[in-house]
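Student: Chains as they are written, first to last, in the working numbering: chain A, 1 to 388; chain B, 1 to 388; chain C, 1 to 388.
Because the hints were derived from the structure by calculation, they are not lab data. Treat the hints loosely; a few may be bogus.
Put simply, identical chains are the same to the list, so a pair is met inside one copy or across any two.
Taking lysine-lysine pairs in the BS3-like style, the calculated list, with each CA pair at most 27 Å apart, reads [as the list claims (entries may be wrong)]:
#: 1; residue 1: LYS178; residue 2: LYS267
#: 2; residue 1: LYS222; residue 2: LYS81
#: 3; residue 1: LYS178; residue 2: LYS222
#: 4; residue 1: LYS178; residue 2: LYS81
#: 5; residue 1: LYS81; residue 2: LYS264
#: 6; residue 1: LYS67; residue 2: LYS264
#: 7; residue 1: LYS67; residue 2: LYS81
#: 8; residue 1: LYS81; residue 2: LYS179
#: 9; residue 1: LYS267; residue 2: LYS81
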Amino acid sequence: MTAWRLTEDAPPPEDGMETSGEPRRRRSSTRLLVVAATVLLTLVGAGGLAIARSGAIFAERPEGCVKPDRTMQLYAVELPKDGTQIRLGYGTSPQTASYPGPTMEMMEGECVAITLHNLVPAATLEQLRTNPAHPLGVSLHVHGVKYTQLSDGTVQSGSFVPPGESRTYTWYAQPRNKKTGSPGTAGYWWYHDHVVGGPHGTQGLGAGLFGGLVVRRPGDPKPDRTYTVVFGDRQSINLRRGAATDTCDAQNPQPGPTCLVARKGEKVEFIVVGIGNDMHTFHLHGHSWADTRTGTVSNGEPFADGVPIIDNKPLGPGDSFGFQVAAGDSVGPGHWMLHCHMQFHSDGGMSTMLHVLDESGAMPPGHDHSHPATAAGAGATTGQHQHN
Amino acid sequence: MTAWRLTEDAPPPEDGMETSGEPRRRRSSTRLLVVAATVLLTLVGAGGLAIARSGAIFAERPEGCVKPDRTMQLYAVELPKDGTQIRLGYGTSPQTASYPGPTMEMMEGECVAITLHNLVPAATLEQLRTNPAHPLGVSLHVHGVKYTQLSDGTVQSGSFVPPGESRTYTWYAQPRNKKTGSPGTAGYWWYHDHVVGGPHGTQGLGAGLFGGLVVRRPGDPKPDRTYTVVFGDRQSINLRRGAATDTCDAQNPQPGPTCLVARKGEKVEFIVVGIGNDMHTFHLHGHSWADTRTGTVSNGEPFADGVPIIDNKPLGPGDSFGFQVAAGDSVGPGHWMLHCHMQFHSDGGMSTMLHVLDESGAMPPGHDHSHPATAAGAGATTGQHQHN
Amino acid sequence: MTAWRLTEDAPPPEDGMETSGEPRRRRSSTRLLVVAATVLLTLVGAGGLAIARSGAIFAERPEGCVKPDRTMQLYAVELPKDGTQIRLGYGTSPQTASYPGPTMEMMEGECVAITLHNLVPAATLEQLRTNPAHPLGVSLHVHGVKYTQLSDGTVQSGSFVPPGESRTYTWYAQPRNKKTGSPGTAGYWWYHDHVVGGPHGTQGLGAGLFGGLVVRRPGDPKPDRTYTVVFGDRQSINLRRGAATDTCDAQNPQPGPTCLVARKGEKVEFIVVGIGNDMHTFHLHGHSWADTRTGTVSNGEPFADGVPIIDNKPLGPGDSFGFQVAAGDSVGPGHWMLHCHMQFHSDGGMSTMLHVLDESGAMPPGHDHSHPATAAGAGATTGQHQHN
């Protein structure tokens, strides 16, 4: 039998110090509790792993989510290798899996149940794990929104999916609550694997198991386009190593993971995520934004004047932020660079473009005399140019 | 005799540029001052060191502190080695010294006089110094609050403590002042040595001479528990290298420096500090906070809607931030990971747990089938389990 | 002829997912546009470079700038080598070029036309370039304010200056616009070369081609002094490697790029910029500031209470921030350290002082007994001590 008293924070209160004990444990004398405890703890460190999957007692849904408003299916699949690099992706169908995975959107107050199907071959997961004692599986760990231990997506909580199996994760976009002090969950977030290769999913992240999430609050400005850009070390933006592997056709850009296009005046939303081991600094030419929850300030907000306006923001692994800009506002159409401002990262290819077309959808000609062959004539066609 | 004129910022005003001179020096023509100066300057760089300790003229107390409201004793002592690594700690008694040192709490408006006693053997300080010309001593340098040169804790200002000696440092939690434009000093701060080993206290910091400080403003929300977590390179959280050296007993967690426990609904306050050479990103599972001074937003604040909500925050050496969360709000009890999101840091052990018990102080059983032996029965006891 | 349809963000909408398609492309069915396009795209990556300089169609001035309110001349010149390190600088005259270059100041609403003259010898630019296919030139790329493609300062947009030539860049400090949602451009920014050595100007930045820019909003507090401090890797503050190469005469400090001096009570403004490859953390002893656009909070601002107060801030390449403090407020005169808090950076010399004199312009004597020879007597003189 294990029982314990929740007493004092360590180190214990010290003699001769009037203050230090205070902030650690308030009213300890009246709160010296004798606790009947049934404590099952599992610490996951460099050493031991707890392989545990069922959860009879922990709640399935976070408080406030009576039942999911929506359900969706998500598939973790192996994608074609990038050279020798194993690539994995999430998709709402096995055929459409990609890295980043699908960008998710929720409204505060919503609750979503996502069933993750692990289609990644066990042999692939074996190749990726760094410790033979580590279990095989993929998971879904999300930032920002609420979930119980059963949807934590970690090994230690048992909330992962072995090869060939499925598991349902419940996410709740808890709204702001003045009574409990909850600030709400509206924001720019992301989701990712936390299991592949080791207890922090380092190999799953490196292979591509991540995606963007935006939680909106009623009244938030709505974008015309959303792009999720992920900065990872030795990987470039969205795991594409610069222009060489960029899928953006310079003569006919079709919006895609590394092909960012908008017409002038469109509200373009960026979801920016950091993964891996390094810091990055996200810089966008010609555009800036307010360092607020949405990147914008609206009419009459009393704090609008005090908020920093930025065009460059540091970004570490696990960080995510987002913002909306009016494409080409004041600066006009053009090919606006978007890059990590760490020079050896940008020089190494961590750089792409936001292509801003004019209001009619055309790019003004003439800025580039070295490529006259690309100065195609104007004209309309309904043929859609497909890109891979 | 040394005299000088405080004239222009360098580089001097340039011809042909209407603007550039302006922001550097305003109204320079009317402010071209002839100054009677007695200037004693000491620049501490890679090269020379100024060993100076007495200060006859500089004020002892910062303006606004008429006399200290409180006094306390603080001891710098050598602790048992961690392998071959020398460990030092601050304590309000020699017996209770630890790393981090005691968490301090002040209210805006308060002034505290702290007498630091250097009990660290001179031989130990000699081992730690990198330059034989560097003086032996420890100091107390604090972030955020006010202090004069005599309490700066640096070698160059002479405000350090040789072995066996004592020195009193005066800290003033200056309140916000609309007249002078002072924003106040309420916030999450830290204190540390600035002298051991070299002019920036690098060896003192690495050995453990640091602690958290919170300055509250009247009306700020009060926490039920406060934990100070310090991220240092190659050191893991609070200099403990992950679960292997974690003092948290998984079956009977007692709150301590790396054993973070709370009951559901308790207001848990984190003071997060970065030391060393590396960036880190602090991530807490299942909980998020507002990126404000306190981590919270309260009723009716007009900026509440624009503030980013985060669950991951970059943290460099010298940075400190803090916040309060309601433990387990919406997400329920559980073992909620808290780790650096830089993958090689978390994989290396920079990871621990916030153990959230239910309202009665128990952890719901059943999430971990692999450790049935730890499924202790329920029951009450008044026996307190002690941990080292 | 090139034509295309601006249709869907990639990856394309997926089956079975109710949400994911939404945020990427709103109202796609009604916006499936057939676009008559004349698209000229140039992607600059590790591989190809587009050497293009003229721009017939792109607008010269950003929208909102009817014509420049001011014009200025700026010169890029080669400065004396720092050891074997090539140094370049911007100046409003060739004789006054320096690193950092002149600190610029604009008011929101202003438009400035800056003519950059490239006086850097072609041979020097050749030495700095890393790829023989890269064009020779210097440029002016600015953060925060508005400019068209013709003033982007990049190779790909053709907006750079070959040796011996000149080019006019137009910057517009767009004001806040509640209608368009523009947050304005007031803030602490910087400008730099984007061309020397490679497509991101890495060699130009490393050699010294950068400077600070502040854009003020009507009503912003005005400083008495402004210092621009730039943190670069392996370079120390403003490319000076610590006290050894500091130009600050300890006995008679004259304000300069690395000699920061103010009298007590003066409003000192810092513009802090990060360049290079590394993160830094800017720490100032004895002073703190609000983490707002200006570093201050003014009377009656409803958000003042929620804003973090800081004295240490992480800073990555491309980041810039600024603030004002009242020199010596509460803490009094003294030599207040200002350093990167990454320990190996500060130990390596990334450290200097803010010298705060008393109201009369004198430094109280007596804090330094080891340097009695510098205890000069008091007295007045009109002779100005010149420093190089």
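Student: Which hints from the list above does the structure break, by number from lowest to highest?
Tutor: Going through the list in order, the structure violates hints 2, 4, 5, 7, 8, 9 and respects the others.
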